[in-house]
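J.: Now for the letters of each chain:
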Amino acid sequence: MEAYDISIVHVGNIGSLGFAKAYKLENVKNRTYRAKNAAQLGSIAKKPLVFFLDSFELDLPAIREVAKSGGAFAFPASYFSVPGEPPHFVAQKLGMARQFAKLCLKYGARIVLCSLSQNEFQCLSAHELVLFAQLFGIPEQVAKASLKLPKLYFE
Amino acid sequence: MIIDFSDGMAKPYLQKKRYVLFTLYGPDKPLVGASEAWKFFDTRCMAFLGIVGLSRARLKKLDFDEQAKKGIFRVTNSSQKKLCGCIALFGPIQGRQARIRLLKTSGTIKTLREIARVV
Numbered sequence: 000m001e002a003y004d005i006s007i008v009h010v011g012n013i014g015s016l017g018f019a020k021a022y023k024l025e026n027v028k029n030r031t032y033r034a035k036n037a038a039q040l041g042s043i044a045k046k047p048l049v050f051f052l053d054s055f056e057l058d059l060p061a062i063r064e065v066a067k068s069g070g071a072f073a074f075p076a077s078y079f080s081v082p083g084e085p086p087h088f089v090a091q092k093l094g095m096a097r098q099f100a101k102l103c104l105k106y107g108a109r110i111v112l113c114s115l116s117q118n119e120f121q122c123l124s125a126h127e128l129v130l131f132a133q134l135f136g137i138p139e140q141v142a143k144a145s146l147k148l149p150k151l152y153f154e
Numbered sequence: 000m001i002i003d004f005s006d007g008m009a010k011p012y013l014q015k016k017r018y019v020l021f022t023l024y025g026p027d028k029p030l031v032g033a034s035e036a037w038k039f040f041d042t043r044c045m046a047f048l049g050i051v052g053l054s055r056a057r058l059k060k061l062d063f064d065e066q067a068k069k070g071i072f073r074v075t076n077s078s079q080k081k082l083c084g085c086i087a088l089f090g091p092i093q094g095r096q097a098r099i100r101l102l103k104t105s106g107t108i109k110t111l112r113e114i115a116r117v118v
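Line by line, the protein sequences give chains A and B.
Everything in the first sequence is counted per numbering that gives the first Met the number 0, starting at 0 for the first residue and increasing by one.
Everything in the second sequence is counted per numbering that gives the first Met the number 0, starting at 0 for the first residue and increasing by one.
There's no promise every hint is true.
[Claimed, not checked] For lysine-lysine, the following BS3-like pairs were computed, each having C-alpha atoms within a straight-line distance of at most 25 Å:
#  : chain 1 : residue 1 : chain 2 : residue 2
1  : A       : K20       : A       : K147
2  : B       : K103      : A       : K143
3  : A       : K101      : B       : K81
4  : B       : K80       : A       : K147
5  : B       : K81       : B       : K59
6  : A       : K67       : A       : K45
7  : B       : K59       : B       : K16
8  : B       : K103      : B       : K80
9  : B       : K28       : B       : K103
10 : B       : K16       : B       : K109
11 : A       : K92       : B       : K81
12 : B       : K81       : A       : K147
13 : A       : K143      : B       : K81
14 : A       : K92       : A       : K105
15 : A       : K147      : B       : K38
16 : B       : K80       : A       : K101
17 : B       : K103      : A       : K20
18 : B       : K16       : B       : K81
19 : B       : K81       : B       : K38
20 : B       : K16       : B       : K69
21 : A       : K67       : A       : K35
22 : B       : K16       : B       : K38
23 : B       : K69       : B       : K103
24 : B       : K81       : A       : K105
25 : A       : K147      : A       : K67
26 : B       : K81       : B       : K109
27 : B       : K28       : B       : K38
28 : B       : K60       : B       : K109
29 : B       : K69       : A       : K105
30 : A       : K105      : A       : K147
31 : A       : K143      : B       : K80
32 : A       : K92       : B       : K80
[What the hints assert, rightly or not] Beyond 10 Å from chain A on every Cβ pair, some chain B residues (computed):
#  : residue
33 : A33
34 : R55
35 : A56
36 : L61
37 : K68
38 : S77
39 : Q96
40 : L101
Please keep in mind that the hints were generated in silico from the structure rather than gathered at the bench.
Note that beta-carbon positions come from the ideal geometry of N, C-alpha and C, so glycine has one too.
Work out the full structure, taking the sequences as your base and the hints as a guide.
T.: As structure tokens, then:
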């Protein structure tokens, strides 16, 4: 399985985790955009970028716009696994992200799965990312395909 | 008494099981013992799945090799993906630089024990 990851730090031994390459977020800044939520994307949603959201609050027009432009929403695993965070916060985040992913699948907006790890040991393997995606109801085939997408956007 | 299972309810004793091989990963891995690893595993599983989810998963902890830092647990087929997805989100063990990483799932424990010896 050809898979690519996005991380904050440089990850050395990426091959053992099942990835062909890990893109450092800093190096692909011109192909990504970070926003508080989907509603704040505005006109930038018309660009085919990878969008990192701080909150997965639903905004249907933005999802439709991103689907139309060929952009993608990133689902970073590190967003859901903050050490020491109370379980009900994680549950809330997962619930919102599940709805968001469901609408992305419905309207054809692409999903990029990544670990976005802040240190080397936080990095998830490709197999773990596929399992992580299934928490959002993303089918296995779609999850595997989404691991190939970073190459499409960053090269 | 004959119980009719034709309404879609699965016979509990017929639920297929999966065995999952995991390892500890990270620079602090040697510092984590079996009891600490299983305790962390229990608390996080409870936090993610809850009492009802855990009862459905029929989780059973089987082996833990102290030297290789590898363990095996058993879970029902229907809950395997959910549980494994949760494990990916577990994070570090008790503030240490060590976490649980899934290696392989299998339908028989024999296969996993053989793999654990090789990997």
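J.: Taking 25 Å as the top limit, are the C-alpha atoms of K60 (chain B) and K109 (chain B) close enough?
T.: Holds, because 15 Å separates the two Cα atoms, which is no more than 25 Å.
J.: Given the hinted pair K147 (chain A) and K38 (chain B), is their alpha-carbon gap at most 25 Å?
T.: Cα-Cα ~36 Å, so violated.
J.: With the threshold set at 25 Å, check whether the alpha-carbon distance from K16 (chain B) to K81 (chain B) stays at or below it.
T.: Holds, at roughly 14 Å.
J.: Would you mind confirming whether the straight-line C-alpha gap from K28 (chain B) to K38 (chain B) stays at or under 25 Å?
T.: Holds. K28 (chain B) to K38 (chain B) sits at ~15 Å (cutoff 25 Å).
J.: Within 25 Å, alpha carbon to alpha carbon, are K67 (chain A) and K35 (chain A)?
T.: holds, 21 Å
J.: Could you grab the alpha-carbon distance between K69 (chain B) and K105 (chain A) and see if it respects the 25 Å cut-off?
T.: With Cα atoms ~40 Å apart, K69 (chain B) and K105 (chain A) exceed 25 Å; violated.
J.: Are the Cα positions of K81 (chain B) and K109 (chain B) separated by 25 Å at most?
T.: holds, 23 Å
J.: Within a Cα-Cα threshold of 25 Å, do K92 (chain A) and K80 (chain B) meet the stated pairing?
T.: holds, 19 Å
J.: So if I understand the rule, the pair passes when the alpha-carbon distance is 25 Å or less; does K103 (chain B) with K80 (chain B) pass?
T.: The hint holds at about 12 Å.
J.: Could you check that no beta carbon of chain A comes within 10 Å of the beta carbon of S77 (chain B)?
T.: S77 (chain B) clear of chain A: closest Cβ-Cβ about 12 Å, beyond 10 Å.
J.: Does the structure keep K81 (chain B) and K59 (chain B) at a Cα separation of 25 Å or less?
T.: The hint holds at about 15 Å.
J.: Against the 25 Å threshold, does the CA-CA distance of K105 (chain A) and K147 (chain A) hold or violate the hint?
T.: holds, 20 Å
Checked against the numbered hints above, the structure violates hints 15, 29, 39, 40; every other hint is satisfied.
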